[in-house]
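Engineer: Here is how the chains run, residue by residue.
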Amino acid sequence: MLTTRRVDAYHALTVVAPGIAERFRPGHFVTVAVGGPDTSMPARRAFAVHDVKPDYGGTVELVFAVRGRGTAWLAERRARDTLDIVGPLGRPFPVPRDPVGCVLAGGEYGSASLFALADTLQQRGCRVDFVLGAASADRVFGALRARRMGETTTLTTEDGSLGLRGRVTDALPAVIADARADVIYACGPMAMLRGVTAVAAEFDIPVQVSVEEAMACGYGVCMTCVLPVIDDDGVTRMVRACVEGPVFRGERVRFEDVGTIPFDALGAPGGRAQEGGAHTRNVG
Amino acid sequence: MRTPGMSVDMRTYLAHVELANPITTAAGCAGSGAELAQFFDVSRLGAVVTRSITMAPRAGRPTPRLAETPSGLLTAVGLQGPGVDAFLAAELPRLAERGARAVVSIAGGSVAEYTALARRLADAPGVTAVEVNLSCPNVADLGRVFARDPAASAEVVAAVRATMRYDVPVVAKLAPDAADIVAVARACVDGGADALALINTPLGMAIDVDTMRPALAAGTGGLSGPAVRPLAVRCLWQVHAALPGVPLVGMGGVSTGRDALELVLAGACAVAVGTALFHDPYAGLRVLRELEDLLKERGFERFADAVGLAHRPPGAAPRHRTDLEESPL
Numbered sequence: 001m002l003t004t005r006r007v008d009a010y011h012a013l014t015v016v017a018p019g020i021a022e023r024f025r026p027g028h029f030v031t032v033a034v035g036g037p038d039t040s041m042p043a044r045r046a047f048a049v050h051d052v053k054p055d056y057g058g059t060v061e062l063v064f065a066v067r068g069r070g071t072a073w074l075a076e077r078r079a080r081d082t083l084d085i086v087g088p089l090g091r092p093f094p095v096p097r098d099p100v101g102c103v104l105a106g107g108e109y110g111s112a113s114l115f116a117l118a119d120t121l122q123q124r125g126c127r128v129d130f131v132l133g134a135a136s137a138d139r140v141f142g143a144l145r146a147r148r149m150g151e152t153t154t155l156t157t158e159d160g161s162l163g164l165r166g167r168v169t170d171a172l173p174a175v176i177a178d179a180r181a182d183v184i185y186a187c188g189p190m191a192m193l194r195g196v197t198a199v200a201a202e203f204d205i206p207v208q209v210s211v212e213e214a215m216a217c218g219y220g221v222c223m224t225c226v227l228p229v230i231d232d233d234g235v236t237r238m239v240r241a242c243v244e245g246p247v248f249r250g251e252r253v254r255f256e257d258v259g260t261i262p263f264d265a266l267g268a269p270g271g272r273a274q275e276g277g278a279h280t281r282n283v284g
Numbered sequence: 001m002r003t004p005g006m007s008v009d010m011r012t013y014l015a016h017v018e019l020a021n022p023i024t025t026a027a028g029c030a031g032s033g034a035e036l037a038q039f040f041d042v043s044r045l046g047a048v049v050t051r052s053i054t055m056a057p058r059a060g061r062p063t064p065r066l067a068e069t070p071s072g073l074l075t076a077v078g079l080q081g082p083g084v085d086a087f088l089a090a091e092l093p094r095l096a097e098r099g100a101r102a103v104v105s106i107a108g109g110s111v112a113e114y115t116a117l118a119r120r121l122a123d124a125p126g127v128t129a130v131e132v133n134l135s136c137p138n139v140a141d142l143g144r145v146f147a148r149d150p151a152a153s154a155e156v157v158a159a160v161r162a163t164m165r166y167d168v169p170v171v172a173k174l175a176p177d178a179a180d181i182v183a184v185a186r187a188c189v190d191g192g193a194d195a196l197a198l199i200n201t202p203l204g205m206a207i208d209v210d211t212m213r214p215a216l217a218a219g220t221g222g223l224s225g226p227a228v229r230p231l232a233v234r235c236l237w238q239v240h241a242a243l244p245g246v247p248l249v250g251m252g253g254v255s256t257g258r259d260a261l262e263l264v265l266a267g268a269c270a271v272a273v274g275t276a277l278f279h280d281p282y283a284g285l286r287v288l289r290e291l292e293d294l295l296k297e298r299g300f301e302r303f304a305d306a307v308g309l310a311h312r313p314p315g316a317a318p319r320h321r322t323d324l325e326e327s328p329l
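Heads up: the protein sequence lines correspond to chains P and R, in order. With our numbering as the guide, the letters of the first sequence map in order to residues 1 to 284. With our numbering as the guide, the letters of the second sequence map in order to residues 1 to 329.
Hints may be right or wrong, so weigh each one.
Claimed, not checked - Label-pair distances were calculated between CB atoms; the ranges are:
#1 Ala-90(R) to Ala-214(P): 20 to 30 Å
#2 Asp-85(R) to Arg-67(P): 34 to 44 Å
#3 Ala-310(R) to Asp-55(P): 47 to 57 Å
#4 Arg-80(P) to Glu-18(R): 38 to 48 Å
#5 Glu-202(P) to Ala-90(R): 35 to 45 Å
#6 Glu-97(R) to Ala-65(P): 39 to 49 Å
#7 Ala-34(R) to Val-7(P): 30 to 40 Å
#8 Asp-232(P) to Asp-9(R): 46 to 56 Å
#9 Arg-98(R) to Val-7(P): 28 to 38 Å
#10 Asp-167(R) to Asp-55(P): 51 to 61 Å
#11 Glu-97(R) to Glu-202(P): 41 to 51 Å
What the hints assert, rightly or not - Example chain R residues on the side facing chain P (calculated, C-beta under 7 Å, incomplete):
#12 Ala-30
#13 Gly-31
#14 Glu-35
#15 Pro-57
#16 Arg-58
#17 Ala-59
#18 Arg-65
#19 Leu-66
#20 Leu-73
#21 Val-77
#22 Ala-158
#23 Ala-162
#24 Thr-163
#25 Thr-275
#26 Leu-277
#27 Phe-278
No wet-lab data here; the hints were simulated from the structure. Built from N, CA and C at the ideal position, the CB exists for glycine as well.
Could you put together the complete structure from these sequences and hints?
Structural biologist: Shown next, in the form of structure tokens:
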């Protein structure tokens, strides 16, 4: 580990991890073991990658909020401590072949994963406009950097302490219209992603969302981070945010059913798929 | 005398099937096998135990499925899986291609469903053993899990044993929250189980004091991780003492070689690593290396000599030091 710094309400850690930096693409995430060698916390913590730099063979910067014992432990790490990190994980943001207009929408520290994406998009000649929001000014992450990188940057806070009073989704339609955007990328809380996807549907433009789900491993074995997503064949499957995601096409995610097993999902209790099997309805 | 630095013979037997080493994955903790194969060669494990396969695809439980507790995880995944057809078409052949020995875990809601699963597996190539997950609600018994009822457990095991090919061992997986685990173990062996696996996760619960609601959508979940290891040691100890000739696969909170050795000394001839794989994808191979080093440090030449060693009477010499050729007798 190299440096640690406070950024408003968040913590940023820079870690020397050449293997991760080399293979990183925007949208990837990492998981970190917390609590040291004799930890009482068996679940790894997942973090989006804010930045990757070539210094020291390759560094990775993570941004997070202290929300429990694990992140509190991580916030106390200092330079030269070592960390157990696995990554890069997940399916990264797909990027367009052609130079198109992109609106990047970020909620809370979700905006952290948008800057590497903006960089890649701009290298391909894409126009990038930012809409970043949070509950209050100190929780809007990366406003300065967005202003520097974006064609335009719109900030929203629910308490009105920075930018427009309201939510990202309130400001989004005007930004899309002004920028004549062709595609939206979004990262943030599930409610925000749901709203952004609805706005994208109104404008009939594609939207890629990066979801945040509670998980223990990040590499597909714990099966806890699932959400209902409509597959290419039109069938809803409970897919893992860590392996099949975290980036999905927004319109494929059944946001209103997150936290449930939709009755028409493959293998849902009492659903069509299970009636073929013998007596499976009430199994464990 | 043994040469210092010589490697320990780590081979072990699951009934009559030889495994190159005693470390396996625990059911439901290694995905399809492909996820861990990104990190290491899964054929280096003694065996890969699959998630519990059901007849039909299962979507599992709603989220949240996970809550972290002190040194433990509460999970309620609800046996999410592809169903036996997709498993046989895609997952099992991939495990075989990777050279892994596959122990297939099966789960059902009735004796008929377990039997149907066994029938599907009986003709499938690449099944090293079948593990019967008995911690499933029995539809015919108002949803009481099989593993709490010796007679129901024995009935399932007997049906699977009668259906599987004779040369494929049937392993009964027991739950620690049975009233009398020795009674269930004995019933399973009488029903034809070639080996027993213990422990499955005991049922636990956590309540989020901020939302003042259960932390898991399902309410209750299976508790795993280092928190349950003493429970595993106790169950292995009791069952090995009662049934010393029955091979036991031990699991429950193993994350180091020392943990594995503790289960081995209690009576396990193979040890599964489960929740530790969520924390460290390399945990299986690390536990194997650490276990081998610990045995070497303690002068063992063969892993098999350590199995159940804690049961020897106080004052008795460890069995592995008996060297008949040099004995004055």
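Engineer: All the hints need checking, so say for each whether the structure fits it.
Structural biologist: Verification of the supplied hints:
At roughly 28 Å, the beta-carbon separation of Ala-90(R) and Ala-214(P) lies within the given 20 to 30 Å, and the hint holds. Under the hint 34 to 44 Å, the C-beta atoms of Asp-85(R) and Arg-67(P), about 41 Å apart, fit the expected range. Between Ala-310(R) and Asp-55(P), the C-beta spacing of about 53 Å keeps the proposed range 47 to 57 Å intact. For the hinted restraint 38 to 48 Å between Arg-80(P) and Glu-18(R), the CB-CB distance of approximately 47 Å keeps it satisfied.
Take Glu-202(P) and Ala-90(R): their Cβ atoms lie about 39 Å apart, and the range 35 to 45 Å holds. Range check, Glu-97(R) to Ala-65(P): Cβ separation about 43 Å, and the 39 to 49 Å hint holds. Our hint of 30 to 40 Å for Ala-34(R) and Val-7(P) holds, since their Cβ atoms are close to 37 Å apart. Distance hint for Asp-232(P) and Asp-9(R): a CB-CB separation of about 50 Å, consistent with the stated range 46 to 56 Å.
The hint said 28 to 38 Å for the Cβ distance between Arg-98(R) and Val-7(P), and at roughly 43 Å that hint is violated. At roughly 59 Å, the beta-carbon separation of Asp-167(R) and Asp-55(P) lies within the given 51 to 61 Å, and the hint holds. Here the CB-CB span from Glu-97(R) to Glu-202(P) is close to 47 Å, well matched to the stated 41 to 51 Å. At its closest, the beta carbon of Ala-30(R) sits 6 Å from a beta carbon of chain P; the interface hint therefore holds under the 7 Å criterion.
Checking Gly-31(R) against chain P: minimum C-beta separation of about 4 Å stays under 7 Å; hint holds. A cut of 7 Å between beta carbons decides the hint on Glu-35(R): the least distance to chain P is about 4 Å, and the hint holds. Against a cut-off of 7 Å between C-beta atoms, the interface hint on Pro-57(R) holds, since the closest Cβ of chain P lies about 4 Å away. A least Cβ separation of about 4 Å between Arg-58(R) and chain P falls short of the 7 Å threshold, and the interface hint therefore holds.
A cut of 7 Å between beta carbons decides the hint on Ala-59(R): the least distance to chain P is about 4 Å, and the hint holds. The interface hint given for Arg-65(R) is met, as the beta carbon of that residue sits about 4 Å from the closest beta carbon of chain P, less than 7 Å. Annotation: interface hint on Leu-66(R) holds; nearest CB of chain P at approximately 4 Å, less than 7 Å. Because the closest C-beta pair between Leu-73(R) and chain P is about 5 Å apart, less than 7 Å, the hint holds.
With a least beta-carbon distance of about 5 Å to chain P, the hint placing Val-77(R) at the interface is held under the 7 Å criterion. Interface restraint check: Ala-158(R) against chain P, minimum CB-CB distance 18 Å, threshold 7 Å, status violated. The criterion of a C-beta within 7 Å of any C-beta in chain P is not met by Ala-162(R), whose closest approach is roughly 17 Å, and the hint is violated. Here the hint on Thr-163(R) is broken, as its CB sits about 14 Å from the closest CB of chain P, past 7 Å.
The beta carbon of Thr-275(R) is positioned within 7 Å of a beta carbon in chain P (closest approach about 6 Å), and the interface hint is therefore held. Satisfaction of the interface hint for Leu-277(R) is found here, the shortest Cβ-Cβ separation to chain P being roughly 6 Å, below the 7 Å cut-off. Checking Phe-278(R) against chain P: minimum C-beta separation of about 4 Å stays under 7 Å; hint holds.
In summary, the numbered hints that this structure violates are 9, 22, 23 and 24.
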